[in-house]
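Engineer: What follows is the residue order along each chain.
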Amino acid sequence: MAFYLKGVKLSHKKNTSPEKAEKISVNSVTIPMSMHIGRPANAVVKKGDTVAVGSLIGEAAEGLSSPVYSSVSGSVQGVGEILLSNGMTGAAVTIESDGEMTLDSSITPPTINNRDDLINALSKSGIVGLGGAGFPTSIKFKTDKPIEYLIINSAECEPYITSDNYTMLTKADMMEYAIETLVKFFGIKKVIIGIEKNKPKAIAKMRELSGKFNNASVKVLPTVYPQGGEKVMVYHTTGKVVAEGGLPIDVGCVVCNCTTVAEIGKYLKTGIPLVEKVVTVDGDAIENPQNVIAPIGAPIKDVLEFCGIKAEIAKALYGGPMMGISVTDLEKPVLKNTNALLAFSQKQAFVPKTTACIRCGACANNCPFGIDPVAILKSYKEDDYLGMKKAGALLCMECGCCSYVCPAKIPNVQNNKLAKEAIRKEAQREVK
Amino acid sequence: MGKLHISVSPHIRSSNTTQRIMLDVVISLLPAAIAGCIIFGISALWVILACVFSSVVFEALFNIITKRTQTISDLSAVVTGLLLALNLPANTPLWQAVIGSAFAIIIVKCLFGGIGCNLVNPAITARVFMLIAFTNLAKPAFPLDAVSSATPLVELAEGSSPSLINLFLGNIGGALGETSALALLIGGIYLLVRRVITWHIPVATIATVFVLSFLLDAFSFINALSWVLSGGLIIGAFFMATDYVTSPAVAKGKIVFGIGIGLITVLIRFYGNYPEGVSFAILMLNILNPYIEKFSKRKLFGGKHYEE
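First to last, the protein sequences are chains Z and L.
Going by this note's numbering, the first residue of the first sequence is number 11, and it counts up by one from there.
Going by this note's numbering, the first residue of the second sequence is number 1098, and it counts up by one from there.
Check before you lean on any hint, since a few could be wrong.
[Said to hold, decoys possible] As a list, the in silico DSSO-like pairs of lysine-lysine whose alpha-carbon atoms are at most 27 Å apart:
(1) Z:K363 with L:K1100
(2) Z:K229 with Z:K215
(3) Z:K391 with L:K1164
(4) Z:K430 with L:K1401
(5) Z:K311 with Z:K24
(6) L:K1394 with Z:K19
(7) L:K1391 with Z:K16
[Claimed, not checked] FRET-style restraints, in silico, Cβ to Cβ:
(8) L:K1396 with Z:D260: 18 to 28 Å
(9) Z:G100 with L:Y1388: 42 to 52 Å
(10) Z:G100 with L:F1209: 41 to 51 Å
(11) L:K1100 with Z:A143: 43 to 53 Å
(12) Z:E315 with L:K1100: 34 to 44 Å
(13) Z:Q424 with L:V1300: 28 to 38 Å
In short, the hints are calculated from the structure, not lab data.
All figures in this text were calculated on a predicted structure; none of them were measured in a lab.
Glycine included, every Cβ here is placed at the ideal spot set by N, Cα and C.
Same shape as in the complex, but just chain Z (with noise of 0.2 Å):
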């Protein structure tokens, strides 16, 4: 590869142990129906039925969807309507809980043949992009064109989480039973796994978890946000360019996080499904920053208190600073994709005012992909959609290196947001 493609070096207040993570328990869960892209699953149960840890609560719907486990045993409160992070509503399943976690009797582990049974165990396993992206992760696999990589994403370029890394030190046999079975039955050619610098430890672990394999290895990548882009690690571990619009499958390539890969590992040896995810909790109004391990649907504010309040919560986050989405109310669940909780008190939680525009071009020459967000919001205003799709708006992950970086302060991310959505928009308009 010629050169690595741009981006900022951040601060990186990874303040948390990445070495344990304690468990946590709830005395009730919300656990939405919608936690992936595609449709919302189904809710299967109702007031009043009894479930366990592991028990199927919502259906996947047909085509781009995901299945929902009870991350709880008890009793099912009802179902609901919870306002998701993408401000849509969707129905949510509440249980409160027994405090006995006990696991539902019918989990086995799934019986693995060939590569259809594969692709439905992942499809069962409820399993999504827990990198953040919640992309359901059958889907990945299920392709007709040959995937000659696998390219395990364990860049964790964002500030504070250490959640990935936490994986990386304590899930290795996982991940290597995952390993072992997806190159099995999807012919997979050769497995990278990316790893930003500064995680020593975890390159270490790693290295020996590749050894064990004769087509693995690990990648050591700069500490340069946003390494674990899914395009900037594509092209940062095999050379390869996805196109805009494209899929990574389009070059051959299948990206998936590393505690993705590790709870495809525990669910095919184990056949517990995604019900409790590693979350890292820190921020400035956290008294003791740390890796928990929180069932799925707990509220945030419990996982918040086990760490500690130590000052008034402004601002709280799901993910990390950098492409994180702000929390609307701390009663909201942990997610399947949830990596992170940051709190942060009144101090980090104001929003810069925003000045002219200098035209330095700081956005457009740190922006990986080389957009110009400045060329994107003149045609905006404009209504200029041919130029917004140039200056490559529909190109634009949403990493927010432009706005972090803009001695203006103009919040570019949201300017290309606005963009997109103009965008789709008037596509609609020209289909009718």
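Dock chain L against chain Z, hints included.
Structural biologist: Showing chain L alone in chain Z's frame:
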């Protein structure tokens, strides 16, 4: 617990601000300003103060009269005033300095929409305006202990070689802030280290002037170096041509931009009526900048080709 603050990612921002950038430019120009005061005496200080003070006042007044958000705290008016002053002879009458500042701030900057919206560099344009409007300014000031009565550019054009040491230190005739290459280079390096500017424009500009002067002036290394150190080339290449608003944002464009400035500078110096051409060259490339930007866009990574 109170309401939570909701905003679009990213939730952290770099510490870089427009004000910090402008402050860096002011800091980088201080060595040249101090050198000017040492070389040309106290009158240089009055010119600097008149330009800076009046630039800030004009911008403040414009914003008040037109009911705009006050922008003087971003320090860009200070930069404009300071740059204009450094490009004027130390014996400039103060009333002319004030008129020049008014032209730079009101006509070139504010009437076009203020910071970020001007088409050409305000300080350069004001300097060119003053050169044409006030004929007395065509005659440069000389150092207090000057031995020569011609500027190095005139000397060079007449075939004699000024002392390289004097050229480097700035003990020569010219605008009050442009003569000391040493002071300007200190400031230029500061801007590079602080990453306010990149090397592309200054290096492309200076290298072009060096190479062309070498070819046009007797293939003499010393003469080529003298052409580089004379006049407003160093201040222009490091501080005026690198103005974000009026120069390309992308490396490729910056190089084309710098070569263009170097080329026009040399053409004016060797074949034009004026002894110096840096200001005109920068002004001309400022006007061409939108086209250079258009043709020097970074290639999109995996971008789709959209038909017109």
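Engineer: Hints first: check each against the structure and report whether it holds.
Structural biologist: Comparing the hints with the structure gives:
1. Our distance criterion of 27 Å between C-alpha atoms is met by Z:K363 and L:K1100, whose separation comes to about 21 Å.
2. Restraint check: the Cα-Cα separation between Z:K229 and Z:K215 comes to about 13 Å, which is no more than 27 Å; the hinted pair holds.
3. About 24 Å separates the Cα atoms of Z:K391 and L:K1164, which keeps this hinted pair within 27 Å; it holds.
4. Between Z:K430 and L:K1401 the CA atoms are separated by roughly 15 Å; this keeps the pair inside 27 Å, and the hint holds.
5. Annotation: proposed proximity of Z:K311 to Z:K24 holds, straight-line Cα distance about 22 Å (limit 27 Å).
6. Between L:K1394 and Z:K19 the CA atoms are separated by roughly 24 Å; this keeps the pair inside 27 Å, and the hint holds.
7. Proposed proximity of L:K1391 and Z:K16 is supported: the alpha carbons are some 21 Å apart, at most 27 Å.
8. For L:K1396 and Z:D260, the hinted distance range of 18 to 28 Å is satisfied, since their beta carbons lie about 19 Å from each other.
9. Under the hint 42 to 52 Å, the C-beta atoms of Z:G100 and L:Y1388, about 50 Å apart, fit the expected range.
10. As the Cβ distance of Z:G100 to L:F1209 is approximately 49 Å, the hint placing it in 41 to 51 Å holds.
11. Roughly 28 Å separates the CB atoms of L:K1100 and Z:A143, a value that falls outside the hinted 43 to 53 Å.
12. Take Z:E315 and L:K1100: their Cβ atoms lie about 19 Å apart, and the range 34 to 44 Å is violated.
13. About 36 Å separates the C-beta atoms of Z:Q424 and L:V1300, a value consistent with the hinted range of 28 to 38 Å.
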